[in-house]
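K.L.:
Place chain B on chain A using the hints.
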Amino acid sequence: MALRSISRRFGSRILNYRSSVASLHSHATSFGFQQVKEEEKSKLVGNVFTNVASSYDIMNDVMSGGLHRLWKERLVGKLSPFAGMKHLDVAGGTGDVAFRIFDAVNSVKRRALRKVDEDSLEETQIYVCDINPNMLNVGKQRAAERGLRDNKSLVWVEGDAEALSFDDNSMDGYTIAFGIRNVTHIEKALAEAYRVLKRGGRFLCLELSHVDIPVFKDVYDLYSFKVIPNLGELIAGDRESYQYLVESVRRFPPQEKFATMIADAGFEKVEYENLVGGVVAIHSAIKL
Amino acid sequence: MYRTAAKRFLGVGFTTSRLLRLPKPRPNPTIITPYSHASALCTSSIGHTESPIGNQSVNPNQSDPTAASSSTAREEGPRRDESSRKKPRAEFEEEQARVLAASLRHVPRLGWTEEAMIAGSREVGVSPSIVGSFSRKEAALVEYFMDECLQLLIDRVDSGLDLQNLIPSERVSKLVRIRLEMQIPYMSKWPQALSIQAHPVNVPTSFKQRAMLVDEIWHTVGDGASDLDWYVKRTVLGGVYSTTEIYMLTDDSPEYRDTWAFLDDRVKDAFDLKKSIQEAKYFAQDIGAGVGKSFQGLMNGVMQTMSRRGGSSAF
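Going line by line, the protein sequences match chains A and B. For the first sequence, the working numbering assigns the number 993 to the initial residue and increments by one for each residue that follows. For the second sequence, the working numbering assigns the number 31 to the initial residue and increments by one for each residue that follows.
Don't take each hint at face value.
To be verified - Just some of the chain A residues that point at chain B, by a computed CB distance under 7 Å: (1) Glu1065; (2) Gly1069; (3) Leu1071; (4) Ser1072; (5) Lys1144; (6) Val1147; (7) Asp1164; (8) Gly1165; (9) Tyr1186; (10) Arg1191; (11) Gly1193; (12) Arg1194; (13) Lys1261; (14) Leu1280.
To be verified - Residues of chain B placed beyond 12 Å of chain A at every Cβ, according to the derived structure: (15) Gln126; (16) Met147; (17) Ser151; (18) Arg152; (19) Val156; (20) Gly162; (21) Gly190; (22) Asn195; (23) Arg207; (24) Asn232; (25) Asp259; (26) Leu279; (27) Thr289; (28) Trp290; (29) Asp316.
Stated by the list, open to error - The list that follows gives simulated cross-link-like pairs (lysine-lysine, PhoX-like), each with its CA atoms no further than 25 Å apart: (30) Lys1218(A) to Lys1070(A); (31) Lys1144(A) to Lys1064(A); (32) Lys1064(A) to Lys167(B); (33) Lys167(B) to Lys1070(A); (34) Lys167(B) to Lys1190(A).
Hints listed in this document are in silico derivations from the structure and should not be mistaken for laboratory results. For each residue, glycine too, the CB sits at the ideal point set by N, CA and C.
In isolation and in its complexed conformation, chain B is listed as follows:
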């Protein structure tokens, strides 16, 4: 769900960090008990430290709400009188999440592949056959990772990231940097993840995930606009994010210094873009006016525009 839209329709109170944990609709006959997910929504996010996703500390944050939901759902089980089965029906979703989380630890070695997921499932103690039931297998792993990173970003922001003293362009820079740093442990295999996301089958989901990420960043920066500007801003930031991500793939500098410098430049350009668009408009007006006048008149118009733009960067 988009943060700005949610805020407008549902009011401020609903924008908890668990917004993204709403269950996705699944086309199977087994029904997911709504109770277990409601309890996950109510659980407040524990103050989460800035550990990268490969670390063990990620799992407690995930497994806490899931453990809570599975235990509450299990309590419901014996109370059900029509079937003798005691297991909650939402178990497949949890099991899948558990397997994917364990698989991430094998990705740096095995890549975003079925092998990584088979290794992950063995770790969790489940038969690797379960991997066969994931839709679009490798894409499921990549999408899980993207969702987890977004959730981590939201948690970081909610648990008090200091953005007050920064101007908007610096805030955007910082947030994009935090998000891209989560990919560092997987950098050697990230090109593979990008190619998986680019498959036509997977494009709708990956596009949606990136759109949500970009929306989240703008929302955090404090942008509440929801007119045509909304699309322009998100497209521009999407472009900045993607180009930086790709730059990072071939960056050898210590601690990715060059990437952050590249990012800062692009963000500055993006913010300057707004000014530049305005100036380009004036210039076009002058050109249009100049066609009817003499060449001298045209040159006067051009000189005026250039002096107005002052010493800013050439276009």
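In isolation and in its complexed conformation, chain A is listed as follows:
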């Protein structure tokens, strides 16, 4: 009797494990609404971004009506960058978030208010990591336009979010904006984030997420599936990539589920904030 009840409990636990693995597995083998082999997903995503790199920023502005700037400002505001910080921005190709962090740390107002603290004479280092060299090139170009080509604070690194080349416990902050949707194995990326962060370091993720508000949800769906691919064709000349984009948003885990995944990676104080009713969500957590 006892044995049966134990085995039933154990069995249900295996079932839960299998179903959760299955749902994660589904992210690893989904390319938008298509089913693909795990090994292929990375290559397919790579193609998408190679194609869109040159018009990435313009398309962002058009698709979000310029709102993406506000979202990124909010992300950096939440981060509260400080001088002497070592920060890693993953999937940050064109440098939007990195530039904002750089400005926040080096703004005139900050420098005026900053008290001279002998202990923090270390330089701020902002690493921008992206798997796609085309996106990084666009970022480097934008840096040059701002006069930051030779600035030692910004370091452009080619790398994979699932296998970062940075040391353990080396980063004060880790951000990933609109990037985690595109990695094949989310939990690996989260584990890597946990690894490279120092104790007390913060993890912040800005990502398109799920909308639950009744009427707004339908408006949003309509906009996503009817308007965006057409805009993609018109402006970037690439309908399929933007079709992939809107489909991958639907396939990504909802806010609560993602928060659980972050907590499972070992993070503490996992919170999320919905912007525009859930169109975008900022998840934040701390490594302790």
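P.N.:
For chain B alone, kept in the frame of chain A given last:
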């Protein structure tokens, strides 16, 4: 929680000094293990000396219950079989408290600012990024300080402060003085703390903290009233406390002598106020009666009232 209310509802036994250590509700998905906080409640407060908060001896008192709670919570960790994580979930609260405590040491130099908290976090050995996650950053530091001062006051009272030979007004004076003396190390930056507390966002919390402080003082003085008088008394004492606090900001006298003299005067006035209110009532009655009478009758009434008040201070 208010001491008088707690006493009424929960009985005398519950009024331990750890009353204020009940966890505040936090809106995050991670669950705080209730076990760790229960152990903190049961730990008796060690006889605490009257050292100012800037001193090292403050930390042992705080870290003792927290060390106890973290060790008990850690024991729980390996027993949990569903996750492989061994760390207790309440760690963020402890870490925050530790960082804020360390930051206080930097406040006299850097003010109630993020810089002080960044320096504090470096001292504790945690990345300064953690400061970014504190809600209303500088306010978190000020509020932590206010809570710690209140706790220190309660500890002082519990560990045998001699109030028996004093009349109520002197008891109030002494308690307010003890509390204000805790702010002396930070006096140069205290105006900044006051302005932080006055921000509309922070007013609810700072108001609540002051209300708790005032309630605590009245409770210690031995006041058990819980009728309309309760509000009047606390408002009056709140006023006395705030005005003395502000007076102290510009006081240059050695050992703040002038401030304590000011405090004694205000407390005396407050206690006289009760008498004065009664007399003002009589006077108003007389005036009302006098309107119907002749002017002579009115003057008689006024003279009577003045003789009744005797030689007490003019209003």
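K.L.:
In ascending order, which of the hints set out earlier in this document are inconsistent with the structure?
P.N.:
1, 2, 5, 6, 9, 15, 16, 17, 18, 19, 20, 30
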